[in-house]
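Taken in sequence, the protein lines are chains R and X. Numbering-wise, the first sequence is residues 5 to 394 according to the working numbering. Numbering-wise, the second sequence is residues 5 to 394 according to the working numbering.
Because the hints were derived from the structure by calculation, they are not lab data. The model shown is predicted, which means the values in this text are computed figures rather than measured ones. Idealized CB from N, CA, C, for every residue including glycine. Among the clues, some could well be false.
To be verified - Covered stretches of chain R, as calculated for chain X (at least 3 residues, CB under 8 Å):
#1 89-96
#2 111-125
What the hints assert, rightly or not - Restraint ranges, calculated between C-beta atoms of paired labels, are given here:
#3 Arg32/R with Ala61/X: 48 to 58 Å
#4 Arg240/R with Ala328/X: 46 to 56 Å
#5 Pro322/R with Glu343/X: 42 to 52 Å
#6 Glu28/X with Ala328/R: 42 to 52 Å
#7 Thr213/R with Ala328/X: 35 to 45 Å
#8 Gly34/X with Asp124/R: 27 to 37 Å
#9 Tyr172/R with Pro241/X: 52 to 62 Å
#10 Ala69/R with Ser46/X: 53 to 63 Å
#11 Ala328/R with Ser46/X: 45 to 55 Å
#12 Asn212/R with Arg129/X: 49 to 59 Å
#13 Ala328/X with Arg335/R: 33 to 43 Å
Number of protein chains: 2
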Amino acid sequence: MNDFTFHSPTEFIFGRGVEQRAGECMVRCGCRKVLLISGGGSARRSGLLGRVERSLADAGVACVALEGIRPNPTDDKVREGIRLGRLAGTDGLLAVGGGSVIDTAKAIAAGLRYDGDFWDFFAGRATVADALPVGVVLTIPAAGSEGSGNSVITLASTRQKLSLRTPYALRPRFALMNPELTLTLPTWQTACGITDMLAHIMERYFTNTPATTVTDRVGEGLMRAIVEEGRRVAARPDDYDARANLMWAGTLAHNGLCGTGCEEDWASHFMEHEVSALYDVSHGAGLAVIFPAWLQWMAAHHAAKVAQWAERVWDVAPGPSAEAEALEGVRRFRAFLAEIGMPLTFSQLGIAAPDIAALVDGLHRNKGEHVGNYVRLTRCDTEEIFRLAL
Amino acid sequence: MNDFTFHSPTEFIFGRGVEQRAGECMVRCGCRKVLLISGGGSARRSGLLGRVERSLADAGVACVALEGIRPNPTDDKVREGIRLGRLAGTDGLLAVGGGSVIDTAKAIAAGLRYDGDFWDFFAGRATVADALPVGVVLTIPAAGSEGSGNSVITLASTRQKLSLRTPYALRPRFALMNPELTLTLPTWQTACGITDMLAHIMERYFTNTPATTVTDRVGEGLMRAIVEEGRRVAARPDDYDARANLMWAGTLAHNGLCGTGCEEDWASHFMEHEVSALYDVSHGAGLAVIFPAWLQWMAAHHAAKVAQWAERVWDVAPGPSAEAEALEGVRRFRAFLAEIGMPLTFSQLGIAAPDIAALVDGLHRNKGEHVGNYVRLTRCDTEEIFRLAL
């Protein structure tokens, strides 16, 4: 078990109607002039944004809105938010949405406390020392951004999709999590979210750090819960309890708990970021294509932990070899993803002939000659894994 | 799944040598005059207290020491600490020890910001609105007080042992957790700690709230990890990784994670508090006697969740009845407790003829006519359970 620091100070307020506490929560963070950030319009149409605005007004909090954040959010909206925030004298941000909206809010929160270009943080030219408080009303359980210190933004001009990871500065102060808001999420988005949650746990779970028993067992339990509740939601999309379990699992999958004491991997995420940067597909759907290919490759090259995962998460019986066990786990994982409606190959993802050379080039340009830690993947390795996803 | 708030803002700094960061951490909390609280003398003898004092001095933090906190800590030491703190102008507390030391520090932290008698908080006559910052150097993994907002203190004059639960105010700001400090913990104290951790999860796990899948699975994973690493430590007390896993498990068992969305029970803890208040036994050892008796009674009266626990934590095969499954789980739990050296009966605990009438009277005087939630226990029920522990 490695040394670690775990610090998840976000206040998670979970249950029916909690979005109506937005105003009170912003005031407790000392905020009186809030930049309210949201996505494509469904939050407005459903009346959610109106309820949040009323809650802010009732608490005496002024707000300026920045709407229209899209999936795979880009730097232009961050820059627009920073301009708006400067003009309005913003002292806090409230994100109403899923990962893209929250990540945009975090980037703006850091940018508003920085004199240079906010992209410096993502390009590794500066570290975030300070940021405005960020609050969240979560509408899509998937990215786990409501409980993480991370943000992922794409530079529109170059299609470079980079992640910024901070231990503390960008963690939301509070997250209002009402599972009712997710009852009408489309099947596709729900399945993308489930895949992303599982991937967040697996990126941490596949480690060579010895003796991570507690972290392993917590991650395995969460993965089992996600599979169980994912099936329940697929059968009954309006099942409150199943939605609630998925929502909470998505947070725990990514607030750092599942990585305590482990050297983490993250190769599949970085590989997927190239795919979604180049082809603008949903992150979760990209992961459904990439992660099983990564696992299949690992079964042949470094099966140990994959076999443990197969046994403990997918109930695979101990077999003649770790490789066989691992492969059976991967088969069951793929079957689950297909069951909830995810694509399993590039062509099912709508990319008939992916430019694998460009994906490999982009990946290693952004992340260096070796990617991941469970196995440190070379260009040849990542090319093989991309081909396993064809 | 019930609505809930989960807020665990403590910064957990985990690994070798982390006690040397005590000074820097107190300064980050804005503290310059610290009351340093410790237990029976082993922290002084081992040199730990000296290292912590040096770290404080190096960071420019003055400190006044309050030593000699004993297990089942009493109000007199809290009062002594409040007097000392007032004299010294204390602006923060640093607890070096286990649950008793941390609980005492929390009570002093609340008392130093209150004009009345600190016992008002424990007696339910006042709520803690504010408290001085508390930091922790953990030496005994067991009580989970390093990550909780709770404190348990005994009023020496009446032997009333009461717990104070706050959502936030009494949570330590930071906890420095070095598993090396626990390598030499005696077998008995280690086993008491293991029992207490398991009990903290079980008090939350045994609930009638439906559809708590995520919380169940996390708790089950943690219980399995504690049993596995508990056996490893029993075989090799100086196994760093096993000690580290137990230390981290003890925190997660009690920071609220294992109760998210559940109506919790706590009957066994309240019953044990009567035993340790009356006979001054170790809390963990008392739980080893009480909790299996509680479970045995539940197997006959409300077996459902006990059977699930038997299957998922103790690998009991599904049997002809939930009661039979549950009882087999209880049998395996008792066998594990015996294996690590815990007593299973009052007489093994050194109480040949417990005054059950007094225990039942004290329990219901302190906690009301009904105790617990999984089954709301009457006087008759709790008497039966105490008798099952004879």
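*Lying within 45 to 55 Å: is that true of the beta-carbon distance Ala328/R to Ser46/X?*
Given about 51 Å between the Cβ atoms, the range holds.
_Hint check for Ala328/R and Glu28/X - Cβ pair distance inside 42 to 52 Å_ = This hint holds: roughly 51 Å between Cβ atoms.
*Starting from the range 35 to 45 Å, see whether the pair Thr213/R and Ala328/X falls in it by beta-carbon distance.*
For Ala328/X against Thr213/R, whose Cβ atoms are near 40 Å apart, the range 35 to 45 Å holds.
*Go ahead and decide if the range 48 to 58 Å is satisfied by the Cβ distance of Arg32/R to Ala61/X.*
Violated, at about 36 Å.
*For Gly34/X and Asp124/R, compare the CB-CB distance with the range 27 to 37 Å and indicate the outcome.*
30 Å, holds
*Verify the coverage statement for the region 111-125 of chain R against chain X, using a C-beta to C-beta distance below 8 Å and requiring 3 or more qualifying residues.*
Since three or more residues must qualify, the claim that chain X covers the region 111-125 of chain R is violated, with 0 doing so at under 8 Å.
*Test coverage of the region 89-96 of chain R by chain X using CB-CB distances below 8 Å; three residues minimum.*
This one is violated; 0 residues, fewer than the three required, reach chain X with a Cβ under 8 Å.
_Status of the given 46 to 56 Å range, CB of Ala328/X versus CB of Arg240/R_ = 33 Å Cβ-Cβ, so the 46 to 56 Å window is violated.
*That 33 to 43 Å hint for Ala328/X and Arg335/R (C-beta), does it hold up?*
Distance hint for Ala328/X, Arg335/R holds at roughly 35 Å.
_Just to be sure I understand the hint, the distance between the Cβ atoms of Asn212/R and Arg129/X should be within 49 to 59 Å; is that true here?_
55 Å, holds
_Distance restraint evaluation - Tyr172/R, Pro241/X, Cβ atoms, bounds 52 to 62 Å_ = At roughly 35 Å between Cβ atoms, Pro241/X and Tyr172/R fall outside 52 to 62 Å, so the hint is violated.
*Outcome of range test on Cβ distance (Ala69/R, Ser46/X; 53 to 63 Å)*: 59 Å, holds
The structure shown violates the earlier hints numbered 1, 2, 3, 4, 5, 9.
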